[in-house]
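Enquirer: Okay, here's what each chain looks like letter by letter:
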Amino acid sequence: AAGVIQSPRHLIKEKRETATLKCYPIPRHDTVYWYQQGPGQDPQFLISFYEKMQSDKGSIPDRFSAQQFSDYHSELNMSSLELGDSALYFCASSLGNRNIQYFGAGTRLSVL
Amino acid sequence: GQNIDQPTEMTATEGAIVQINCTYQTSGFNGLFWYQQHAGEAPTFLSYNVLDGLEEKGRFSSFLSRSKGYSYLLLKELQMKDSASYLCAVRDSGGGADGLTFGKGTHLIIQP
Numbered sequence: 001a002a003g004v005i006q007s008p009r010h011l012i013k014e015k016r017e018t019a020t021l022k023c024y025p026i027p028r029h030d031t032v033y034w035y036q037q038g039p040g041q042d043p044q045f046l047i048s049f050y051e052k053m054q055s056d057k058g059s060i061p062d063r064f065s066a067q068q069f070s071d072y073h074s075e076l077n078m079s080s081l082e083l084g085d086s087a088l089y090f091c092a093s094s095l096g097n098r099n100i101q102y103f104g105a106g107t108r109l110s111v112l
Numbered sequence: 113g114q115n116i117d118q119p120t121e122m123t124a125t126e127g128a129i130v131q132i133n134c135t136y137q138t139s140g141f142n143g144l145f146w147y148q149q150h151a152g153e154a155p156t157f158l159s160y161n162v163l164d165g166l167e168e169k170g171r172f173s174s175f176l177s178r179s180k181g182y183s184y185l186l187l188k189e190l191q192m193k194d195s196a197s198y199l200c201a202v203r204d205s206g207g208g209a210d211g212l213t214f215g216k217g218t219h220l221i222i223q224p
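These protein sequence lines map, in sequence, to chains A and B. Per this note's numbering, residue 1 is the first one in the first sequence, and the count goes up by one each step. Per this note's numbering, residue 113 is the first one in the second sequence, and the count goes up by one each step.
These are calculated hints, taken from the structure and not from any lab test. Source: prediction; values computed, not measured. Hints may be right or wrong, so weigh each one.
As the list claims (entries may be wrong) - Cβ pair distances, simulated, as ranges:
(1) A:D71 to B:T125: 42 to 52 Å
(2) A:L95 to B:L166: 17 to 27 Å
(3) A:K15 to B:G170: 30 to 40 Å
(4) A:K13 to B:I129: 41 to 51 Å
Even for Gly, the Cβ is constructed at its ideal location relative to N, Cα and C.
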């Protein structure tokens, strides 16, 4: 079965650069969630979208923004990158906005 | 806010049974999830409880008591591949596509 696809899998950036992470949900899923997981930490919820509208907001920095497009894929835009932004970024999707979340393999971002 | 507690590490023997406990204190509650995560990989959905009681799914079972703010994940017939972190996560009772709040995870070590 098709899963959540994230790209790129690995990304290396320097401080103050920008990065864009992409997420393609499971087919027919209409809800997307973004999480950040630092080394040895639990995933922290950033933001979610349901039917292309922002639905919930967690601990997302003001330097980050995200959107969900007409084909339901989502992009997380990160600007003025800091060393502390180095982490695994997971995207999850669900069918409907209150159902089980299935996670993608993640994007590992390293900020040098 | 939400506070989720689970043991940091547990050790069990191949073929045995292990129970991983999770307690939570939340301002709202609309479901408790268990995920398995191998190092550097995506969390994989294991089980979901929204009503009190036991949910069984093959070698995995999960129990919920909402009045006690308590859940456990029971793993039977342990296999070496079950060595992983097990994350307890709670969904708030907000109206939208809410992000999950994760516990710190329990690192389960399976010994031969």
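Enquirer: For every hint, state whether the structure bears it out.
Expert: Now the hints, each set against the structure:
1. A:D71 to B:T125: 42 to 52 Å: Distance hint for D71 (chain A), T125 (chain B) holds at roughly 48 Å.
2. A:L95 to B:L166: 17 to 27 Å: Check passed, 25 Å falls within 17 to 27 Å.
3. A:K15 to B:G170: 30 to 40 Å: Roughly 47 Å apart at Cβ, these two residues miss the hinted range, so it is violated.
4. A:K13 to B:I129: 41 to 51 Å: 45 Å, holds
The structure shown violates just one earlier hint, number 3.
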